[in-house]
Amino acid sequence: MATEDRRSYADGFGQVSRTVGIIFRYLLLAATLFGIAVLAILLVYVANDAIQPLTADAGWHLTFFLTLVLPSLATGGYLAWSNVDGLKLGAMTLGLFVVGLLFSGGVAIIFLEVLPPLVWFAYVIAFAVPVAVTVGLQQRSRQIPFVSRFALATLAFYLSLFGFPGIVGSYAELPQLIPSVATLILFAPIVPLDWIQLTLTVGVFAATPVALYASAISDRRTGLIAGAAALATVAASAVVGPAVVGVGPIPSVVLASVAVLPTAAYVCGTAVTREQARIGLVLPVVIVAGALAGEVLVDTLGYAGPQSWVDWQFLTSDHSGTAANAGLYPAIAGSILLMLTVAALSFPIGVGAALYLEEYAPDNRYTRFIDVNISNLAGVPSVVYGLLGLGLFVTRLGQSTGTILVGGATLALLILPIVIISSREAIRSVPSEMRQASYGMGATRWQTMKNVVLPRAFPGILTGTILALGRAIGETAPLIMIGAPNVLYSFPSELSSKVSAMPLQVYSWASYFATNDFYEKAVPAGVVVLVTVLLAMNSIAIVLRNRYQRET
Amino acid sequence: MSTDDLTEDLTRNTANAPPELLTRSFFFLCAVLSIFTTLAIIALLVTEAAKFFSVTAPLMGIEGETASVVEFLTGTEWIIGEGKFGVLALVTSTVMVTLGSAIIALPLGVATAIYLSEYADPQVRSLLKPALEILAGVPTVVYGFFALIYITPALRTVFPSIGTFNLLSASIVVGIMIIPMVASISEDAMSAVPDDLRQAGYGMGATKFEVSTGIVVPAALSGILSSFILALSRAIGETMAVTVAAGAQAKFHNPFNPAAYLDGGSPMTATMVNLLTGDITGGGLAYRSLFAIGLTLFVITFAMNVISELVAQRYREEY
Chain A
1 MATEDRRSYA DGFGQVSRTV GIIFRYLLLA ATLFGIAVLA ILLVYVANDA
51 IQPLTADAGW HLTFFLTLVL PSLATGGYLA WSNVDGLKLG AMTLGLFVVG
101 LLFSGGVAII FLEVLPPLVW FAYVIAFAVP VAVTVGLQQR SRQIPFVSRF
151 ALATLAFYLS LFGFPGIVGS YAELPQLIPS VATLILFAPI VPLDWIQLTL
201 TVGVFAATPV ALYASAISDR RTGLIAGAAA LATVAASAVV GPAVVGVGPI
251 PSVVLASVAV LPTAAYVCGT AVTREQARIG LVLPVVIVAG ALAGEVLVDT
301 LGYAGPQSWV DWQFLTSDHS GTAANAGLYP AIAGSILLML TVAALSFPIG
351 VGAALYLEEY APDNRYTRFI DVNISNLAGV PSVVYGLLGL GLFVTRLGQS
401 TGTILVGGAT LALLILPIVI ISSREAIRSV PSEMRQASYG MGATRWQTMK
451 NVVLPRAFPG ILTGTILALG RAIGETAPLI MIGAPNVLYS FPSELSSKVS
501 AMPLQVYSWA SYFATNDFYE KAVPAGVVVL VTVLLAMNSI AIVLRNRYQR
551 ET
Chain B
1 MSTDDLTEDL TRNTANAPPE LLTRSFFFLC AVLSIFTTLA IIALLVTEAA
51 KFFSVTAPLM GIEGETASVV EFLTGTEWII GEGKFGVLAL VTSTVMVTLG
101 SAIIALPLGV ATAIYLSEYA DPQVRSLLKP ALEILAGVPT VVYGFFALIY
151 ITPALRTVFP SIGTFNLLSA SIVVGIMIIP MVASISEDAM SAVPDDLRQA
201 GYGMGATKFE VSTGIVVPAA LSGILSSFIL ALSRAIGETM AVTVAAGAQA
251 KFHNPFNPAA YLDGGSPMTA TMVNLLTGDI TGGGLAYRSL FAIGLTLFVI
301 TFAMNVISEL VAQRYREEY
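Those protein sequence lines, which keep their order, are chains A and B. So in our numbering, the last one in the first sequence is 552, and the numbering has no gaps at all. So in our numbering, the last one in the second sequence is 319, and the numbering has no gaps at all.
By construction, these hints were calculated from the structure, which means they are not laboratory data. The structure displayed is predicted, hence computed values, not measured ones.
Counterexamples of contact, computed for chain B against chain A with all Cβ distances above 12 Å: (1) E65; (2) I80; (3) R156; (4) V158; (5) G163; (6) S222; (7) N257; (8) A259.
Here are the computed distance ranges between Cβ atoms for each label pair: (9) A/A437 <-> B/A15: 15 to 21 Å; (10) B/V46 <-> A/R365: 21 to 27 Å; (11) A/A74 <-> B/R125: 28 to 34 Å; (12) B/R314 <-> A/A91: 44 to 50 Å; (13) A/I41 <-> B/V299: 34 to 40 Å; (14) B/A15 <-> A/S429: 24 to 30 Å; (15) B/P194 <-> A/V84: 31 to 37 Å.
Pairs of lysine to any residue, SDA-like flavour, derived with a Cα cap of 25 Å: (16) B/K51 <-> B/E82; (17) B/K51 <-> A/G483; (18) B/K129 <-> A/G95; (19) B/K51 <-> B/N274; (20) B/K129 <-> A/S429; (21) B/K129 <-> A/Q549; (22) B/K129 <-> A/A378; (23) B/K51 <-> B/V69; (24) A/K88 <-> B/P130; (25) A/K88 <-> B/Q123; (26) A/K450 <-> B/T23; (27) A/K88 <-> B/I134; (28) B/K129 <-> A/V430; (29) A/K88 <-> B/D121; (30) A/K88 <-> B/L127; (31) A/K450 <-> B/R12; (32) A/K88 <-> A/R547; (33) A/K88 <-> B/A131; (34) B/K129 <-> A/F458; (35) A/K450 <-> B/L33; (36) A/K498 <-> B/Y287; (37) A/K450 <-> B/N16; (38) B/K129 <-> A/L43; (39) A/K450 <-> B/E8; (40) A/K88 <-> B/P122.
For glycine and all other residues, C-beta sits at the position ideal for the given N, C-alpha and C.
Whenever a hint applies, use it, and build me the whole structure from the sequences.
Here it is, written out as structure tokens:
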């Protein structure tokens with residue numbers, strides 16, 4: 001689109017009657033800003049109700065203004081004036097850290113309340129063994145035919161996860177002859193401490209990309225050193241965290257792997273590769289140091305902070321009949337588990353459907369029918385999906401009401417059309433020359449998908465999936481339809497336990513506990529938490545998309 | 001020779017190799033799942049709704065209470081306790097919310113689309129588009145809460161007689177929610193209008209205002225109309241915002257009477273939620289009425305989606 005040309009012509013010709021044009025232009029701008037402004041005002045109101053900044057001492061505001069706001073504004077302003085790239089880099093670093101903090105909160109909740117580290121450790125090892133076998137088989141792909149490799153890999157997975165004769169045997173009431181790898185670890189007489197288990201799993205998951213990133217910008221040796229240093233940091237955090245900051249070893253390990261490591265890797269990487277912009281790294285340092293300094297000063301001077309309803313107590317306690325004691329903890333855990341289930345179900349199916357429609361499907365009537373059908377499904381109201389979940393999963397398939405599995409499956413069906421549509425767009429944007437080149441080299445279709453199309457389309461697919469997941473965790477109606485409980489005191493421990501979710505909890509506070517007390521305290525606090533999480537997800541998606549669009 | 005044929009030629013020898021067959025059939029199953037979902041929705045709604053109506057219930061082997069189709073479609077009272085199932089009491093509230101939100105969202109959405117497509121420079125656009133997406137990304141239950149806690153009290157200063165639950169505040173938040181939908185689809189249609197048309201307009205001495213309103217908007221009309229229909233269908237299916245803001249009392253209103261907006265009502269979606277959160281027994285008449293409303297809702301939104309597709313295809317100008 002030749003936007004530039006159009007504009008230069010337009011400027012030349014716009015001289016005839018300026019008044020109407022100018023009025024029209026500003027009317028349009030006002031219309032564009034109207035919705036955004038209304039939402040912004042409403043968000044300010046709800047944040048004010050939830051956080052109550054005006055209840056803080058004047059000294060508290062003054063201290064933070066002097067230590068945090070003023071230096072940050074000065075640094076930001078200086079960067080905006082001298083080095084815009086630096087400002088962007090600083091903002092990205094800060095954003096990455098904040099998002100990492102949110103994520104590590106979520107992961108820590110899972111390990112603390114839902115999934116014991118030992119179970120997680122056992123299943124990760126039980127998965128790692130057959131994956132290693134499969135990779136080993138792949139190396140010998142020339143000697144062993146595909147069918148045998150596939151059968152061997154399947155067998156390895158089955159034995160490792162279920163043992164022999166495993167779940168098939170349990171239906172036939174056969175005795176378990178060989179225990180699975182998972183069982184062996186779960187019932188082993190000596191197991192490593194829980195933070196060592198997490199370091200070996202979550203820590204390794206976090207250190208591997210760090211190592212890959214470091215070897216990509218430098219060489220293999222640096223990569224190995226970086227990876228080892230990362231792993232050591234995670235292990236050290238389990239000792240340092242409890243001793244210095246007073247956080248337990250499990251949250252410390254999670255915090256180090258999910259928030260600290262990625263940020264540190266990004267900072268080190270950009271400091272080496274982007275010399276022009278690296279001055280911008282000062283900005284997050286100023287902000288974090290300012291916040292810490294302000295906190296220390298406020299403590300020593302004895303100024304009281306705002307009486308915020310969004311506090312540690314709100315985030316970590318159960319529902320209560322009195323608004324001031326009510327908390328969101330089980331709902332947060334429920335939302336995280338729902339999100340994981342929905343992602344696990346909708347991502348492979350959505351991408352698979354998109355690959356079929358873009359790469360395999362012949363252009364005929366049936367394909368067009370599937371096509372139209374998907375865009376129609378995207379327009380079906382969410383309550384109807386809720387009815388589907390109720391009628392299909394609960395009534396017909398006999399699942400109990402309101403479980404994670406039923407909720408996750410219903411929400412996955414709801415967002416599937418969105419995932420398919422956005423994945424198709426991402427796959428379509430891969431230039432067809434790249435596919436043809438791959439075919440020309442003798443690659444098969446699946447090899448081309450795996451090595452050419454999917455890596456190129458991945459950022460786009462990821463963006464669409466994150467946006468769709470954001471939609472899924474904001475949904476309330478389908479959860480109500482499948483009979484999720486209004487109030488949940490206990491934590492879901494498996495796929496068939498009852499689940500609550502953040503929007504559902506906010507809805508039940510707003511409708512069943514409709515007292516002014518709840519309207520003034522718990523509901524605004526819940527809304528602030530929910531909106532923060534969704535804004536974070538939307539920003540990740542938007543940042544990803546902007547980077548991706550710049551590259552292609 | 002097209003690239004598809006080329007691909008076909010190049011991959012023919014390997015097309016039936018086991019890994020190819022395996023991945024291909026998996027992808028095919030994924031794509032077919034969408035058809036299965038549609039079929040499941042239709043089958044479920046139809047069979048369960050059939051158990052609700054007295055005409056079809058005997059066919060489904062249901063004995064006991066049923067409701068008449070005629071009364072369902074023409075009745076104006078929805079009182080479960082008295083066995084009155086008149087869906088019009090719900091449909092009128094839905095229509096009101098849809099009309100009210102349309103009055104807000106359609107002009108604002110089109111204006112936004114014109115601004116983004118014709119006036120905004122790239123820098124401004126890159127800020128405004130994500131901001132608009134956030135409007136659609138805020139959970140609907142949050143919008144409902146906003147309507148109940150902030151918008152209704154604000155409206156009370158203008159209309160002192162407004163109820164705690166009212167259709168006006170529900171319409172306003174639903175309208176704000178669907179602005180991005182109108183704006184993004186209309187903007188796509190406007191950016192697809194070829195530049196030659198604009199240049200021709202300028203060549204004739206038209207101003208930018210005249211080009212935008214006289215050339216771009218008419219040329220993009222099919223896209224704009226289909227965005228209207230899709231957005232309205234979204235407003236009809238909108239659930240949590242209206243459940244929280246509009247209340248739970250089903251009342252028959254005249255949709256074209258402005259005063260009725262100050263009163264509460266129970267749109268179809270809100271009634272469904274309230275039916276399930278109230279105590280209904282599985283399999284009872286109230287439970288089955290849920291599916292009858294669901295079917296009505298599905299038919300309306302499905303028809304609107306199809307119409308929007310047809311409008312977009314039928315009136316699309318090929319450039």
